[in-house]
Amino acid sequence: MSKPEYQIPAGARIGHVHLKVADLQRALDFYCGLLGFEVMATYGEDAAFISAGGYHHHIGLNTWFSKGAPKSDRRAVGLFHTALVYPTREDLSAIVKRLISADYPLTGASDHGVSEAIYLDDPDGNGVELYWDRPREEWPMNKDGSLHMYTRVLDVDGLLALTD
11 MSKPEYQIPA GARIGHVHLK VADLQRALDF YCGLLGFEVM ATYGEDAAFI
61 SAGGYHHHIG LNTWFSKGAP KSDRRAVGLF HTALVYPTRE DLSAIVKRLI
111 SADYPLTGAS DHGVSEAIYL DDPDGNGVEL YWDRPREEWP MNKDGSLHMY
161 TRVLDVDGLL ALTD
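Numbered per this note's numbering, the sequence shown spans residues 11 to 174.
Misleading hints may appear alongside valid ones.
Unchecked claim - Straight-line Cα separation of at most 16 Å, EDC-like style, residue types lysine to aspartate or glutamate; simulated pairs:
id	residue 1	residue 2
1	Lys77	Glu100
2	Lys81	Asp134
3	Lys107	Asp167
4	Lys77	Asp33
5	Lys107	Asp165
6	Lys77	Asp134
7	Lys30	Asp83
8	Lys77	Asp101
9	Lys81	Asp33
10	Lys153	Asp174
11	Lys30	Asp134
12	Lys30	Asp56
13	Lys81	Asp143
14	Lys107	Asp174
15	Lys30	Asp167
None of these hints come from the bench; they were simulated from the model.
Let the hints inform the model, and build the full structure from the sequences given.
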């Protein structure tokens, strides 16, 4: 593949994701009550903006077009998942223990070589990935110098053993 005429600046990043939800309070109970995000602002009873660490918002939640709507068909076009990066493996361990203690269903757990990830769905069926990145010097590389990502079974017991 040839290099594109325009390339996005290396410092660009995804600032936030905005999700349509059927029930705002139920979404807040999940994202804030379970995952630990903080409400930064609300727009009446229809929208909320939530954050980790005081940023104006990492996730927007709204019912503008989706109040009371059923979950989307898993096979429909749309967002596959929102991925939340945890700073350390211990932080990932702590949230996984919290999910398990809350009896929240997980849909998967994978080692991708560059990262370790847990998968679940929010109450509206939106996919959520919780992961931590291994240090760049530990990323698996092919002989030609390209990145070698894979999907293997995650050692969940080893992950959970990191935190009490």
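The hints, checked one at a time:
no., hint, in the structure
1, Lys77 <-> Glu100, "36 Å, violated"
2, Lys81 <-> Asp134, "6 Å, holds"
3, Lys107 <-> Asp167, "11 Å, holds"
4, Lys77 <-> Asp33, "6 Å, holds"
5, Lys107 <-> Asp165, "14 Å, holds"
6, Lys77 <-> Asp134, "11 Å, holds"
7, Lys30 <-> Asp83, "14 Å, holds"
8, Lys77 <-> Asp101, "33 Å, violated"
9, Lys81 <-> Asp33, "11 Å, holds"
10, Lys153 <-> Asp174, "39 Å, violated"
11, Lys30 <-> Asp134, "9 Å, holds"
12, Lys30 <-> Asp56, "10 Å, holds"
13, Lys81 <-> Asp143, "30 Å, violated"
14, Lys107 <-> Asp174, "9 Å, holds"
15, Lys30 <-> Asp167, "34 Å, violated"
Violated hints, listed in ascending order, are 1, 8, 10, 13, 15; each of the other numbered hints is respected by the structure.
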